[in-house]
Every structure is written in structure tokens, then in C-alpha cells.
Amino acid sequence: MSAVSLRVENLRVWYRTLRGDVQALDDVTFAVADGEIMGLAGESGCGKSTLGKSLIRLDGRMRYVDGTVELDGKELPIWDTGKMNGFRFREVSIIPQYAMSAMNPTRKIGKLVEDLLESRGVGFAGMRAELDRRLELVELSHDVLDRYPIELSGGMKQRMVMVLSTLLNPSLLIADEVTSALDVSTQKAVAETLVGFRDRGFVKSMIVITHDVSLVYQIADSIMVMYAGKLAEKAPTDVLVDAPRHPYTQLLISSLPEVGVKYADKRLTGIPGTPPSLLRPPVGCRFRDRCPLAFEKCLEEPPFVEIEPDHFVACWKAS
Amino acid sequence: MLKLDRISKVYKVGVFGGRDLTAVRDVSFEVGPGEVVSLIGESGSGKTTIGKMVLRLASVSSGAITLDGVDVSTVKGSGLKGYYRKVQGVFQDPFSTYNPIFKADRVLSMIKDEYFPGVGGTEWRHKIGASLEAVRLDPDQVLHKYPHQLSGGQLQRLLIARALLLDIELLVADEIISMLDASTRIDVLNLLGDLKARGLGILFITHDLSLGNYVSERTVILRRGAVVEMGTTDRVFGNPLHPYTRKLLASVPQLHKKWEPVEAEPEPEPEPEAPDGQALVQVEDDHFVAGGERG
Amino acid sequence: MTVSDQEDLVAVAPAAPVVTAAPVTSMRAGREALYFARRNRKLVAGLTVVLLFLVVAIVGPLLTDHGPNEYVGPPAQRPSSQYWFGTTMFGQDVFAQFTHGLRSTFLVGLLGGGLAAFIGMLIGFTAGYRGGVVDEVLNMITNVVLVIPTLAVLLVIATYLRVRGVIPEAVFIGLFSWPWVARAIRAQTFSLRSRDFVDLARLSGASGRKIILREIAPNMSSYLFMTFILLFGGAVLIAATLDFIGLGPTEGISLGLMMNNAVLWSALPLGMWWWFVPPGLGITVIVGSLYIMNVGLDEVFNPKLREM
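Residue numbers (the working numbering), protein chains in the order written: chain G, 154 to 472; chain E, 14 to 308; chain V, 77 to 384.
Accuracy of the hints is not assured; some may be wrong.
[Unchecked claim] Simulated restraints on C-beta separations:
| # | chain 1 | residue 1 | chain 2 | residue 2 | range |
| --- | --- | --- | --- | --- | --- |
| 1 | G | Gly426 | E | His157 | 49 to 57 Å |
| 2 | E | Asp299 | G | Glu289 | 44 to 52 Å |
| 3 | E | Gly31 | V | Thr124 | 22 to 30 Å |
| 4 | G | Asp225 | E | Arg149 | 49 to 57 Å |
| 5 | G | Glu283 | E | Leu34 | 38 to 46 Å |
[What the hints assert, rightly or not] Which chain V residues stay away from chain E? Per the calculated CB distances, all over 12 Å, these:
| # | residue |
| --- | --- |
| 6 | Pro155 |
| 7 | Thr326 |
| 8 | Glu375 |
The set of hints was computed from the structure by calculation and includes no laboratory data.
Cβ atoms here follow ideal geometry from the backbone N, Cα and C, with glycine treated the same way.
Build out the structure end to end from the sequences listed, making use of the hints.
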């Protein structure tokens, strides 16, 4: 077992709203090893984006409530936006959702890179050689720096943003829905580029946040599934997909149509009902209302325990 | 039933409208009753434009769209209203399809105002009840609620219920499940399967091949506005002959099967123009490929 | 009614500040708006002042039993317990003039502003929804009206109509102050027209007119409301200006006419402040309060501007 790169313990992050606190992330504990690509999967509102953003503290509406985050043995001050500045982009970096649409359309890309580096106290000239090398690796020509964002295709923009986010070789990269808005053929290229970054040592470990389990199956070493602000299951990729233990994971995996499966032959089923509101979350297991295996003990919240080496589940029936 | 005959859509762009932008070029296919036809393409393929043309929300630049033998490409006014009794659509984003300041079931009353003005209250309630049952929605859960109080899946199904009020022949489903969560997608998809059993024809527009394969009888693969391959779903997916179809199939992420290392094709520069279409050649029974078979 | 076919691929930037908040639901937005409305100081203050003046306009003339232009008292009197605002050079009651003038001011604002709002909305919605040739023609009309030298036109009208009342003045103002409204509404309509819920309404067989009235306008309701308030204030100001330079009504009284008379009869050098200060202050305060109300309303409707 390789050294642990990221360790998160009892993390609790809530959102302030007019109607009260939305408990978006509740008591989350997990670890990511050195060199591991962990997929973070779940449906809308499960808290995966919140988790990603809280590790780098990029959203002003978040309210850090409790918990510790340790990266390479050092504690990350995720409750303090100012203090996190020293870590952002260098140790922890993020490719935010909709990043490729967030590039200023009136500035050339080269200028954008220069501004970003200067703001981090890194000279553009010094990084030029490395930047060129990386552009080549992702198959972008050097003259992309002289172009405006509108001249690039979706896949090219996404790869540009990926190069930018990893320029200073961060220990941890958080990729938030980097393939959602792309065509299926570009998705593959972008996903494989992510793996390439890890293989070449540009990043040590990666958390890939997505709602597409089949995509993350292709590139991740392990997958963590979240539901309603809590962790449901974490396991090595093949184990999670072939032999999931949490009822939610099982239902989720079996509801995915694959090429080759037809309605006429095998009717797939979804999960009836909707996730609970996180304003006043239900007592006990949050999947209780929709779970076919629920029983009385589910009124008590199941802990996230290791049932096999590297396989964690939060379910009374599974453990 | 629905027939597209060499449909094209050309936009005028440029400073004084000088240049032509061809979004759809010479597309022809048919949708029969009780049949789901998948229109598969990536962004810029023109699939949404075709959907809009079938729904008469965009004009047809050239070619003809016929429904039951009647040319509907230029129908207007009361003819258009009659057309909408037979053809309806559901769009991608449920939260943008509903006017946010009104209740969700207003979409149903809009149909009543235009098409069933004389119908009494009790009879109308029955009709709504029947439609909601067909899409497996509980009236108590969805009526008198605002869109933000309902889930994406419920909203999309309510839109299908709305279409069913009119006894339609064809439903145009434009990416109707791409914004839904994985666990609700399959329910809506199964619903489409049930509806086709009732004789409804469905034009299923999507970028997701696995969805197309799950639910459709026939598939049309679009690239940059032109058809590259088309035929029975089993034949197109089982024996893909066009390099683009093969590339698509190889890129789809699947569970239990990792991507094969395929030689990466250099990504083409963004180029909205449809290339000169190659004629479709029949390679086997109900299987057509642009440019014919290419090893 | 079909939508024109020329797909406009160029984004149109709105000319006036646009409300960007999407009201979530009519009930919730209504309640939410009321919650913030009550707490917005600018809105409450502005509205209170305007309502105060409105009360004076309605009730004030009932307190005096003589007409505003009657010669009732000794000329050039300072304010006293008998004549609260003193008298003019000719012995007219300034307070009576003030209250009657307020009435005419509000009338002009309502009529002139209302007419401009109506024309602006009619042209803006039609141009934005239909597009194409209709849009081009309406744009041309808008530009022509914008460019017409209104003062010159008014001078010409003044020479032909020896006797003019408040109503013609209001109509004139209404006919010339709508272009910016039409432009802004056209831009908003353009962007709303391509939204999915408008497509759905089209698929439901609704006519263009119904779609504008029932789908598009309700989504702009806060903006339309604010537009009307701006037009009201603008009409009051324009009327005061016109009255001041003598192009206003030839009978009756208004605040601008009061100021005109005051200046004509040397109130300033003679130090008769009670003659020109009330009307001047009245106009300034009313229009100012309306504009402040508008800023407050913008904050209420646009969540991003609120101080949370």
C-alpha cells in the first residue's frame, strides 16, 4: 500500500441560505493514496462538487463547520480563504466545472496564462519552456497561446485549462466534471489526458468528480460514491462496478444502459423517489426511504467501515 | 408516416448576410408508427436543427417534410395548429421549458385553451388523469405545484403527458434525458418504450449511443449536418462500416469494458461547414453508408 | 402569425440596464419581493415622499375655496397664517397654486408616462418578437422619433394651437419619450423569444400576441414596472421644463408655470422666495424620489444587488 497523499477526516461543510443551513457535506472521512486517481461519483445534490471545492476553498458561500484535511502530512487551512492562497495552484489545484467557458473571451490565451502565473508569483518567461512542452504533450500547437478562446473547440479549451491547472505540478488535482460538456470522442481524449498527467508525474493524486460512472470506470483506480452529502461506498474500480455492496451503488450500476443492452431484451430499472432535502436531513441512513433493503436498524446512521481491504461501505446490511 | 426528403437548412451569416452556413445537408429518413428512430450526432451535427424543422419551429431551406403523405414543410396558421395535434416535442432542459413564474400544470391548461376549449371540468380532469397514468405520474404529486418543486424526471414526464393529451402520431424527443440523473433516466427511457407499443412514433435525438441502442429500432448517424450511416439499429451498431460510426462506438465509455487503445485521430479544427455530402449506398438490407463500404 | 425566418445570429446587447434575476415562482417571487421591498430604505423613503405629495395634490385644493389664479389677497405677501405660502405679485394664493399645480403635475406624469409606456411596449414587443422586416421598419420609426427635434415641433404646434391644456401636453410628451423603452423591451424580448418555454407555447398553438402577453411580458414584469416609474418621472420633468419656457398649457396652473411666472415677474431679485422655492423644490423632490424608488426597486428585484 503506497503512502497516503490526501487524508480527509470528519469533514463537514454547510451552505448558508435564507432558509437555514444546507448540510451539503456531512462527516466525510476517506484517504487518497499517492499516485491514485479516485473517481467521485454521484447524482446531483449528493455533495461531490462541494467536496471538491471545499478541499481548495473556492466558494464563498461555503461554511466550514468541522473536520481536518491533510495533504502530504501537512494540514490544509481550508477554513481560511487567505491562508489557502499559498496552497492553491501549487499543492492543490482544481479544474472547475465550466472552466472551458470561463476563459475571458477578450484576452488571448497566452495573456491569460501570463496573468495567472504572475498572480501566483511565478515568472512567465521562466515557465515558457515547460509550458511549451506540456502543450505538445496534450497535442496543442504552441500558437494556441496567440489565439482567443473562441477560436478553439471544446476539447482544445478543456485541454488548455488542464495544462494551466497542472503547470506547477500540484500534489492533488481536483477535476470537476471536466468531460460533461464534451462530445463522446473528445471525452475520451480528455479523460486519457488526465491519466497521462498522473503517469508523467505532473500531479501526484487526482480526484475526478463526475456523474458518469462508466467514464470514471475507464480511468480511475478507485471510485467513491456519494449520496445526499454522505459517503456510500468506496472501492477499487473493478470491485465497485462488478461487486458493489451498497444498495444505492447496486441500483445505480444496474440502471446504466450500455451499448448492447436493449429495452426489448432486458428492461433496466431506475431508483424510484428523490434524494432527501439537505436542509433538514432525515435521521439515520439517508438512503433509507428509497432502499429496498431498509430495516429498523437503518434509523441509526451506518458508519463508513472497511469491510474488505480498501473497500468501505456505509450500510448495515453490507457490513 | 413522417418522411424527410432531402432536407437542408442554410443560414445566412457574415456582416451583410453574404456567406452561407449549411447546418443540415440533404438529410432523408422516415419514422413509422410504433417505431423509435434515433438521430445520433455530436454537437454541431445538426440533429437539434432537424428536430426543430420537424416541429416547424425553424423553417426548411429546401426539401420536403411530409406527414401521412401531406407536405407540411411550409404549413402556417390553422394548418400549423392542426399539425401540432399530430406532432409534438419535448426538449432537453426541463427547467427552461417551463415558464418559471407559473405552476407546472399550466402546460396542460395551455393545451386545453387552444385545443379543447369547450370541454367541461370533469371530463378534462379525466383526460389529464389518463395522460398522467400513461406516463406513470401521480396527479397528487405533480398537479398544482411549481416547476422548482418537481424533479427533472417528473417535469419531463409531465411534458410527455401534455403531448399525449393531443393523441399525437409522432413525438420529437430532443435530448430529453441528458439533463436527468442516471437513476431517473432509465424510467423516462422505459416510458418511451411503452409509448411506442401504443403505436406512437418517436424521433429520439441524442448524442449518447447507448441510449439510442437501448430503445430504438432504427438509427441515423449524423455528422456535420449530413447522414453518414443509417439503418436498423442492430445492423448499424453490430456492423458499423463508416469510420465515424466506428470512432463513436470506440469512444463510448462502457461499464465492464475498458477503452481499447485506438489510434488517436488528430482532432479536426473547429469547422462548422458541412462537407460535401457523399451519397448513401445500401450495403445490406436496411443499412446505408455514406460513400459505401470502406473496409 | 409566424415568426420571421431570418435567424439573427448576432447577439443584441440591451441598451438600458436589464433586470437579470429570474423570478422563481410568482407566489414565491411575490412574497420574496415584498419581504425585501419592506426592508429597502430607498424604496420605502421614495415611495413615502411621492405618496405624501399625492395626498397633498388630492386633498390640498379642497382646503382652499378659491381658484389658484384668482386674485384673493394683497400682492407679494410673505407666508402667513392666512396664506401659508404667501401670495404672488398679483395677490394670488401661492399655496392654492401649489396644490393645484401638483394635481396637474401628477396628471401629466400619469398620462404622458402611461402613453409613452404603451407605445414603447407595443413597438418593443412587436419588433422583438417578429424580427425580420417588421423589426427593421419599427426600428426605423424608433430612430426617426428619437431624432426629431421635439422643441422645434412643439414651437410649431404652439403657434397653431393658441389654447392648450394639460391633456395635449401629456399626449405630446407621451408621443416623444418612448424610443428608449422600445429599444430596451425589444432587446429583452429578443432574448426571451428563443427560450424553450416560448417554443413550448408555440407548440401549443398559441398566437404571437398571446405568447407576448402571457409568456414574455410576465417574465419582464419587474422591468416593465420600473420602466413605467422612470417614464412617469421623466414626463413630470419634461412638463415642468416646457411649462417653464412657456410652451406648456395656456390655462390652468402647474408647478413649472409657477416658476415661469415667478421668473417673469422678477421674484428672484425681489426676494420673493415663497413663490419659486415651493414649485422648484416640489418638482425636484418628486422626481428625485421616483428615481430613488427605482434604484430601490432594482435592488428588490435583482438579488445580486441586495446587501445581504
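Hints, one by one, checked against the model:
1. G:Gly426 - E:His157: 49 to 57 Å: 20 Å, violated
2. E:Asp299 - G:Glu289: 44 to 52 Å: Since E:Asp299 and G:Glu289 have Cβ atoms about 46 Å apart, the given range 44 to 52 Å holds.
3. E:Gly31 - V:Thr124: 22 to 30 Å: Violated - the Cβ-Cβ distance for E:Gly31 and V:Thr124, about 58 Å, lies outside 22 to 30 Å.
4. G:Asp225 - E:Arg149: 49 to 57 Å: Since the Cβ atoms of G:Asp225 and E:Arg149 sit about 51 Å apart, the hinted range of 49 to 57 Å holds.
5. G:Glu283 - E:Leu34: 38 to 46 Å: For G:Glu283 and E:Leu34 the Cβ distance comes to about 40 Å; the hint holds.
6. Pro155: Holds: least Cβ distance 52 Å, greater than 12 Å.
7. Thr326: 47 Å, holds
8. Glu375: At roughly 20 Å from the nearest Cβ of chain E, V:Glu375 sits farther out than 12 Å, so the non-interface label holds.
Hint compliance for this structure: hints 1, 3 are broken, all remaining hints hold.
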